[in-house]
Structure formats: C-alpha cells, structure tokens
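Those sequence lines, one after another, are chains P and U.
Each residue of the first sequence is one higher than the one before, starting from 1 at the first, in our numbering.
Each residue of the second sequence is one higher than the one before, starting from 1 at the first, in our numbering.
It is possible that some hints are incorrect.
Straight line, CA to CA, 20 Å or less: simulated SDA-like cross-link-like pairs of lysine to any residue [unchecked claim]: (1) P/168 x P/213; (2) P/168 x P/77; (3) P/36 x P/78; (4) P/105 x P/33; (5) U/29 x P/213; (6) U/38 x P/202; (7) U/190 x U/128; (8) U/29 x P/33; (9) P/87 x P/66; (10) P/215 x U/33; (11) U/189 x U/30; (12) U/38 x P/200; (13) U/29 x P/208; (14) U/38 x P/59; (15) U/30 x P/213; (16) U/29 x P/210; (17) U/38 x P/206; (18) P/214 x U/34; (19) U/30 x P/78; (20) U/30 x P/204; (21) P/87 x U/9; (22) U/30 x P/207; (23) P/168 x P/66; (24) U/38 x P/213; (25) P/215 x U/19; (26) P/215 x U/25; (27) U/38 x P/210; (28) P/214 x U/29.
Hints listed in this document are in silico derivations from the structure and should not be mistaken for laboratory results.
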Amino acid sequence: MKRQQIPLLAALLMVLSVAAAAQAHRVIIFAWIEGKTVHTVSKFPGGDKVVDTPVVVYDGQNNRLLSGKTDEKGAFSFTIPKPAPLKIVLEAGTGHQAEWRLSEKEVRQALGKSGGETAQKPASGASVKEKVKASQTAAPGQATISGERAAGLDETQIRAIVEESLEKKLDKKMEPMMRMLADMQDPGPTLTEIFGGLGYILGLFGIAAYVASKKR
Amino acid sequence: MHISEGILSWPVLAAGAAAAGAGTVLGLKKLNHEDIPKTGIMSAAFFVASLIHVPLGPSNVHLILNGLIGLLLGWAAFPAILVALLLQAIFFQYGGLTTLGVNTVLMALPAVLCYYLFHPLMKKKPGVYLAAGFACGALAVFSSGLIMGAVLILTGKHFLEVSALVVSVHIPVMIVEGIVTLFCVGFLKKVQPVLLNSTEERINQP
Chain P
1 MKRQQIPLLA ALLMVLSVAA AAQAHRVIIF AWIEGKTVHT VSKFPGGDKV VDTPVVVYDG
61 QNNRLLSGKT DEKGAFSFTI PKPAPLKIVL EAGTGHQAEW RLSEKEVRQA LGKSGGETAQ
121 KPASGASVKE KVKASQTAAP GQATISGERA AGLDETQIRA IVEESLEKKL DKKMEPMMRM
181 LADMQDPGPT LTEIFGGLGY ILGLFGIAAY VASKKR
Chain U
1 MHISEGILSW PVLAAGAAAA GAGTVLGLKK LNHEDIPKTG IMSAAFFVAS LIHVPLGPSN
61 VHLILNGLIG LLLGWAAFPA ILVALLLQAI FFQYGGLTTL GVNTVLMALP AVLCYYLFHP
121 LMKKKPGVYL AAGFACGALA VFSSGLIMGA VLILTGKHFL EVSALVVSVH IPVMIVEGIV
181 TLFCVGFLKK VQPVLLNSTE ERINQP
C-alpha cells in the first residue's frame, strides 16, 4: 500500500508546483527615505520577496494618500506626498498585513533638506544658483574649489552647498547599506527561538501533569 | 493561516478570544491526566509544523496539522493549539497577541470537528481509516480556510472575492496535509494504535 503511494505523492507534488500559492505566516515591510523618495521592500520571513502586492500609504489621521504595487523584487517607491507621519501598509491578503511607520520628524527632515534649497533660492537670487553650478562643475577632478570662486560666496552659502552635496553623496553611499539592512530585517525563526518555544511547551505541560498528579 | 494584527475589528477579536477561552476551558475539563503528555507532544508538533515549508512553485506552504491534532486529542486540541500559537506569536511574531483568540478558533474548531467526524472511523478496515486520515487532514484545512474567510468578511471585505481567494490558496495545503495525515494515521495504526483510541475506549477495553 505504502510503496504505491510514494510515486503518487511525487506526482501530486509536481502537479501542484504549477499552482502559484502565496502562503506564509507573516509578511514584513521595511521603508526608508532617500532624498524626497520613500523606498520600501516587502518580504516573507526568510527573505522571499513579496511580489505584485498592494502597498497603501496613510497619513497620521488614517487618510489614504496613495497606493501602488510591489515589483518583482518586492520593492515599491514613492515621493513623499506631504509633510506628515506616514503609515505604509502592505496588504498581502488572506489575513496578512504588515506596516512600517515613518515619523513626522523623519519626513520633515527629508523635505526640509530639499525644501531648504528652494527657500534659499528666492532669497539670494539667481547668482547663488549659478555659483553653485560653477563650483560643482569645477569640483570634479580638482581636490579643492579654487580660491577666487570660493571667495565670491559668503560662509553660509558655502556651508549650504557643502551640506547639500554631502547629503546627496551620503544618500548614494548609504543606499546599498539600507538595502542590506532591509534584507537583514527578520531572517526568520532561529534555532534558539524554536528550541526555546519547544522547551516552554514541555515545561507547561509538565506543570499540567504535576497539577493533575497532585489532584489524584 | 495566521491572521496578522491590525486587520480585524475589535468585536471580532473579542468574540474570537471568548470562543477560544470557552474551548480551552472545555478542553482542559475533558482532559484526562493520562492524555497530558500526548497533548503536550501534539502542541509541540503544531508549534514546529509551521516551520516546515513545502516548496510549491514560486512560493511555499507550511503544514498546519490541525486535522491530526484533532483526531488524536479531541477537545484538548484547544489548549494544545492555544499554547503553541501563543509561543509562535511571542517568538516568531506569527499572528499576534490580539489575534490569538481568533487564530486559536480558526485552527482548533476544525480539529474538534474532525475528531467527531473521523475518530469513529479509526476502528474500521485499513482502507477506511487511511481514507479517513486523508479526508481529516484536508477537511481541517478547508474548514480553517472557511472560518478565515468568514472572519475576514466580518471586517467588511467582499464575500465571494475573499472566500474564493482563501480557499484557492489553501487547496495545495489541503492535499499535502491530507497526505501527511494519511501517513501519520497509517504509521500510528501499525506502531501505537492505542494513541488513536479515546480514553473511554481504553478504560472499557480489557
């Protein structure tokens, strides 16, 4: 009887492998800000990506701001819709859902650094912009910005330029690290946790057995 | 098969917790002290079963084993599954503490149903009890899927859409679970048939 069942089981599994079933106990979403863009990565514990699944973004008052779907890498990106705390919800269906919150501070900071540039522009006029351009074109290849060009700018302007380019550079440099962090979020249950749980179960039922034996 | 936190409304959560509590109390009352080790072992099996992944195409499924647990434990499936789910929620963040009640009912109620449907068949001929084993595993998952559909509908999603999705997602699980339960029943019948008898039968037996 059993020998006959084994090929049957193998055949069944092969037939079933055609069916695409998204079944898991849990989904995870991880989000971070880069410039004015929010990047998200969604996955199952253990690292499989959550593909083609709706992601909905809410503000602090639970107003739906925007929505989209994850791509084949589980990623979904959007530009920050407004300066408010963002709640990013992954709706994986069949009872599965995950969320990631970005605080108002984080969002404002991200907007602030790009907003700061627009705030400065009208104040100091077009000349700053030109000077920025000039210094940016001059900068690559040369170790330092030439003295005469730098002398044309006052200290706060230089600081603004340096800060801005630093932030851009940092964002670029940080990107692979953020992706790595996203990948490292929840590697799935570890052996310690599994055996810890088993230990708890045995202990609990040991207590139950003890109580029962006392009653008798 | 675990419902995450933040999906269900609080009346549904409260009803689930109440039902799970009632089931657990009943299960503990009916629990004979000789069956405590068996209950503990099945609880541990349930705890680990959802970590065993069966690859299915691009995704994978995990075993639930609630049919087998119901067949062996009857009403004691409630405390067994509650404990295992609680530890899964704490250690692995599967499901969650607020959804613990709903998730327990989701998996333990079909287990009890399977006990009443299939346990009497275990004394029959091999062909019958093996078929009953398969049906038990499959039906338990199917009814869990139905309860999940019903619970999700209560939160305001569309009936057909949700039910169809939940059941279709679980069809492969049902078949795999049926096969696993079939082999378990076959194995237990050969090695330890006493486990498949309920306590009353054991007392009545000479």
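Status of the hints after comparison with the structure:
1. A C-alpha spacing of about 69 Å is found between residue 168 of chain P and residue 213 of chain P, which places the hinted pair above 20 Å, so the restraint is violated.
2. At most 20 Å may separate the alpha-carbon atoms for a hinted pair to count; residue 168 of chain P and residue 77 of chain P meet this at roughly 18 Å.
3. At most 20 Å may separate the alpha-carbon atoms for a hinted pair to count; residue 36 of chain P and residue 78 of chain P meet this at roughly 9 Å.
4. Proximity of residue 105 of chain P to residue 33 of chain P is assessed by CA-CA distance (about 12 Å); at most 20 Å being required, the pair is judged to hold.
5. Between residue 29 of chain U and residue 213 of chain P the alpha-carbon distance is near 15 Å, which keeps this suggested pair within the 20 Å criterion.
6. Note on residue 38 of chain U and residue 202 of chain P: the hinted pairing holds, with a Cα-Cα distance of about 11 Å set against a maximum of 20 Å.
7. A hinted pair counts as satisfied when its Cα atoms are at most 20 Å apart, and residue 190 of chain U with residue 128 of chain U qualifies at roughly 15 Å.
8. For the hint pairing residue 29 of chain U with residue 33 of chain P, the CA-to-CA distance comes to about 54 Å; that exceeds 20 Å, so the pair is violated.
9. Under the criterion of a C-alpha separation no larger than 20 Å, the hint pairing residue 87 of chain P with residue 66 of chain P is consistent with the structure, at around 11 Å.
10. The hinted pair formed by residue 215 of chain P and residue 33 of chain U meets the criterion: a straight-line CA distance of about 10 Å does not exceed 20 Å.
11. Straight-line distance between C-alpha atoms of residue 189 of chain U and residue 30 of chain U comes to about 24 Å, which puts the hinted pair past the 20 Å bound.
12. As the CA atoms of residue 38 of chain U and residue 200 of chain P are separated by approximately 16 Å, the hinted pair is consistent with the 20 Å bound.
13. For the suggested pair residue 29 of chain U and residue 208 of chain P, the alpha carbons sit about 12 Å apart, so the restraint of at most 20 Å is met.
14. Between residue 38 of chain U and residue 59 of chain P the CA atoms are separated by roughly 50 Å; this puts the pair beyond 20 Å, and the hint is violated.
15. Taking the CA atoms of residue 30 of chain U and residue 213 of chain P, the gap is near 16 Å; set against the 20 Å cutoff, the hint holds.
16. At most 20 Å may separate the alpha-carbon atoms for a hinted pair to count; residue 29 of chain U and residue 210 of chain P meet this at roughly 16 Å.
17. About 11 Å separates the Cα atoms of residue 38 of chain U and residue 206 of chain P, which keeps this hinted pair within 20 Å; it holds.
18. The suggested pairing of residue 214 of chain P with residue 34 of chain U holds, with an alpha-carbon distance near 13 Å, which does not exceed 20 Å.
19. With a C-alpha separation of about 56 Å, the suggested pairing of residue 30 of chain U with residue 78 of chain P is violated against the 20 Å cut-off.
20. Pair hint residue 30 of chain U plus residue 204 of chain P holds up; C-alpha atoms about 18 Å apart against a cutoff of 20 Å.
21. With a C-alpha separation of about 18 Å, the suggested pairing of residue 87 of chain P with residue 9 of chain U holds against the 20 Å cut-off.
22. A distance of roughly 17 Å separates the Cα atoms of residue 30 of chain U and residue 207 of chain P; the hinted pair therefore holds under the 20 Å criterion.
23. Under the criterion of a C-alpha separation no larger than 20 Å, the hint pairing residue 168 of chain P with residue 66 of chain P is inconsistent with the structure, at around 26 Å.
24. Only pairs whose Cα atoms come within 20 Å are accepted, and residue 38 of chain U paired with residue 213 of chain P is accepted, the gap being roughly 15 Å.
25. The straight-line distance between the Cα atoms of residue 215 of chain P and residue 19 of chain U is roughly 27 Å, outside the 20 Å bound, and the hint therefore fails.
26. With a C-alpha separation of about 17 Å, the suggested pair residue 215 of chain P and residue 25 of chain U falls inside the 20 Å cut-off, and the hint holds.
27. Restraint check for residue 38 of chain U and residue 210 of chain P: satisfied, since their Cα atoms lie roughly 15 Å apart, inside the 20 Å limit.
28. The straight-line distance between the Cα atoms of residue 214 of chain P and residue 29 of chain U is roughly 16 Å, inside the 20 Å bound, and the hint therefore holds.
Checked against the numbered hints listed earlier, the structure breaks hints 1, 8, 11, 14, 19, 23, 25; every other hint is satisfied.
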